Each structure stands twice: as C-alpha cells, then as structure tokens.
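Enquirer: Order-wise, the sequence lines are chains A and B. Be aware that the first sequence starts at 1, since it is given in the working numbering, and climbs by one per residue. Be aware that the second sequence starts at 1001, since it is given in the working numbering, and climbs by one per residue.
Any given hint could turn out to be false.
Label pairs and their computed distance ranges (CB to CB) [as the list claims (entries may be wrong)]: (1) B:Q1017 - A:E56: 24 to 32 Å; (2) A:T5 - B:T1005: 28 to 36 Å; (3) A:N52 - B:G1040: 24 to 32 Å.
Since the hints were derived computationally from the structure, they do not count as laboratory data. From a predicted model like this one, the values you see are computed outputs, not experimental measurements. Ideal Cβ placement from N, Cα and C applies to all residues, glycine included.
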Amino acid sequence: AQKVTQAQTEISVVEKEDVTLDCVYETRDTTYYLFWYKQPPSGELVFLIRRNSFDEQNEISGRYSWNFQKSTSSFNFTITASQVVDSAVYFCALSEGLGGSEKLVFGKGTKLTVNP
Amino acid sequence: NAGVTQTPKFRILKIGQSMTLQCTQDMNHNYMYWYRQDPGMGLKLIYYSVGAGITDKGEVPNGYNVSRSTTEDFPLRLELAAPSQTSVYFCASSYLRDSYEQYFGPGTRLTVT
Chain A
1 AQKVTQAQTE ISVVEKEDVT LDCVYETRDT TYYLFWYKQP PSGELVFLIR RNSFDEQNEI
61 SGRYSWNFQK STSSFNFTIT ASQVVDSAVY FCALSEGLGG SEKLVFGKGT KLTVNP
Chain B
1001 NAGVTQTPKF RILKIGQSMT LQCTQDMNHN YMYWYRQDPG MGLKLIYYSV GAGITDKGEV
1061 PNGYNVSRST TEDFPLRLEL AAPSQTSVYF CASSYLRDSY EQYFGPGTRL TVT
C-alpha cells in the first residue's frame, strides 16, 4: 500500500535561512509520481512540482529545489533564503500507476513558519 | 477560467441533516476528486470520477455519495450528517494525459453539531 511520511510536523526558521522539508514514501509500484503542494494560511492548495519515478534528476525553481532519491525513497524539498511568504503547510503526495493522478495519497504535512 | 469553484464556503449542520457540496470546474478536465482535510492531517480521498457517469470510492467514502452527470460538475452529498464529518472539504480536478497536476477549489468548511 502507498504511504507518505512527513516526519517534521512543524518547523520554524528565521527569514533568509535555508530549510529542508523531508518526505519519505512507500510504494510497491515501479511507476509512480511524487508531488509537493503548498497550503498557505488562506487555505487553498497550490501545486508546486510533479516528478515521475523514472526521473531522478534534481530540480530547481528559483528558491525552491527538490532532491529525489529512489535509493532512500525520499523526495525532499528545500527552500533557500526563506521568506515570510513561504509560511504555509507543505504536503508531499504520492500517486501510483500509469494513470498518474488517479489517486493521490498525502502525507500529514509540515507546517513551516518563517519569522521576520 | 474560474478554475475549480466550490459552494458553500462555510456551513453548519445539525446532526442528522443532509446537504450537498457543489463543485464545478471549467477546464474540461476528465478527472475530479473530493477530499476531506481534518485538523493537522493531510487530505484523504473520499470519492473520485474519471469522467461523466463514472465514479469510484476513495479511502473514506462512508457517509457520502457522489454523482457525475456532466464533465463540469461533481457534487458531494452528505446524508445523515455526523460530528465525525466536521472537516474541510476540497474538490479537485485534473487532466489524464496533459498534466497530472490537480487543481483544487478553495474548500468548504463544514461543522456538524
């Protein structure tokens, strides 16, 4: 069965610090997709990234970067030079199968607070 | 495009009452989903639909029903509301092939007392 573990319940940093959010997943499938979503205090969910299991290249998008390691079943998310606007709950999610996002399994989320 | 819209935004129900949460998307997405988010928890899938006329259960379907008569609409029905159904409900949609990103609605905060 699929499972996503975000062991960090809450993280608090000071602005401009780098912060890494951990995500560990379990799946029996060889084809799967990993996602990160952001939920700011306003409550909506915002898509950040999607990565398939065959693409282990790390990705960088501005201050955001993602480290995918199949050997450790991890898909960690790093924010460089954090800003107050990064304060949110971040969810890691997993979807199995060729159909992609038929069913997403979410972790419990990590609440990030960036203090000025 | 309005994206995914949900109504109402807030609702208080008494135990035993019924209601329908509305969800509409204008992106012509095939897939639609209903999730619930309990405090401090991730989202759990209630029901999903791969197209008009086709629905299937997710992880936590008990106490809910859905229908998908059109591509755009995916209402969620609560019958005999219980306090355990107090939650925030999110509707989402996605394409099958072009993108696997799910687009979420703003959520409906439901309290059952």
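Enquirer: Is the distance from the Cβ of B:Q1017 to the Cβ of A:E56 consistent with 24 to 32 Å?
Expert: Between B:Q1017 and A:E56, where Cβ atoms are some 50 Å apart, the hint is violated.
Enquirer: Just tell me: holds or violated, for the beta carbon distance of A:N52 and B:G1040 against 24 to 32 Å?
Expert: Given about 30 Å between the Cβ atoms, the range holds.
Enquirer: Could you say whether the range 28 to 36 Å given as a hint is met by the Cβ separation of A:T5 and B:T1005?
Expert: holds, 33 Å
Of the hints listed earlier, the one the structure fails to meet is number 1.
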